[in-house]
Amino acid sequence: MTLETILFILFAGIAATTSVLMITRSNIVIAALFLILNFGALAGLYLLLNAQFLAVTQVIVYAGAIMVLFLFVIMLLKPEHERSIYKIPGMKIFAFAIAFLVFVQLAYLILFSSSSEKVSPDVQASINAGTIETIGRELFTNYILPFEAAGFLLLAATIGALILAKKKIE
Amino acid sequence: MSVPIEYYLLLSAFMFIVGVAGVLTRRNAIVVFMSVELMLNSANLTLITFSSFMGNPVGQLFVFFVMTVAAAEAAVGLAIIIALFRNKQTVNIDEINILKW
Chain F
1 MTLETILFIL
11 FAGIAATTSV
21 LMITRSNIVI
31 AALFLILNFG
41 ALAGLYLLLN
51 AQFLAVTQVI
61 VYAGAIMVLF
71 LFVIMLLKPE
81 HERSIYKIPG
91 MKIFAFAIAF
101 LVFVQLAYLI
111 LFSSSSEKVS
121 PDVQASINAG
131 TIETIGRELF
141 TNYILPFEAA
151 GFLLLAATIG
161 ALILAKKKIE
Chain P
1 MSVPIEYYLL
11 LSAFMFIVGV
21 AGVLTRRNAI
31 VVFMSVELML
41 NSANLTLITF
51 SSFMGNPVGQ
61 LFVFFVMTVA
71 AAEAAVGLAI
81 IIALFRNKQT
91 VNIDEINILK
101 W
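Chains as they are written, first to last, in the working numbering: chain F, 1 to 170; chain P, 1 to 101.
One should not assume that every hint holds.
[Unchecked claim] Derived, one-sided and incomplete: chain P residues facing chain F with beta-carbon distance under 10 Å: (1) Glu-6; (2) Ala-21; (3) Arg-86.
For the record, the hints were derived by calculation from the structure and aren't laboratory data. Where a beta carbon is used, it is the ideal one built from N, C-alpha and C, also for glycine.
Excised from the complex, chain F in its bound form (with noise of 0.2 Å):
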């Protein structure tokens, strides 16, 4: 068993692990934190893809930004304890039944469609494509549209989140 083998197996277990946990606590800040876990397990999944950038991007802005603004929110709000409202009680079964169907499908799919043997990933065009290096000369070329759209996306969800967010001035 080589180490990337080792690796895959510890960062997908505690990926796999958490995400499960975090539908099933009832605790919310425990649930949120268990969420930071699993994008951390992500960014190291990344690492294993040789996504170097992503991998950083993932820590900073998923594991950092956007669960911190979670966690705050949660903070101001009152925490309340989850009753359950189901009229039918089976309800939550069917739900989970559902969802595992899907999950059988989708992984039907995914190992018997076509066999990967044929693909021979390009060791060296895969380390490439994920530094920094690759990504911002493709950023600020081919993709220098998207690039500006996507700041201005940030600037409106920032005025957006101020308006919505604010006590309404009487």
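Add chain P to chain F, keeping to what the hints say.
Here is chain P on its own, set in the frame of chain F:
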């Protein structure tokens, strides 16, 4: 790259389905929102997997833009949740039903 591509895709599918189950079963608006983030991340993992195995940076660029949109969406969505809480004193999505006829 000794780990086959199927394992990454299976993990991504699993996380997506867990996110779907979270949206379907949880009643707290914040947890529902976090489940949506989980689904976004599983899609990101798929994009990066294909991008890396094909040696093509465009998939990773797309993930970069998805992250931008996710940040904007988180800011606006949480502001909406705060505004909802201020009006209804609850974040339970079953009690927020004024748009349901």
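Quick rundown of the hints versus the structure:
no., hint, verdict
1, Glu-6, "holds (6 Å)"
2, Ala-21, "holds (4 Å)"
3, Arg-86, "holds (8 Å)"
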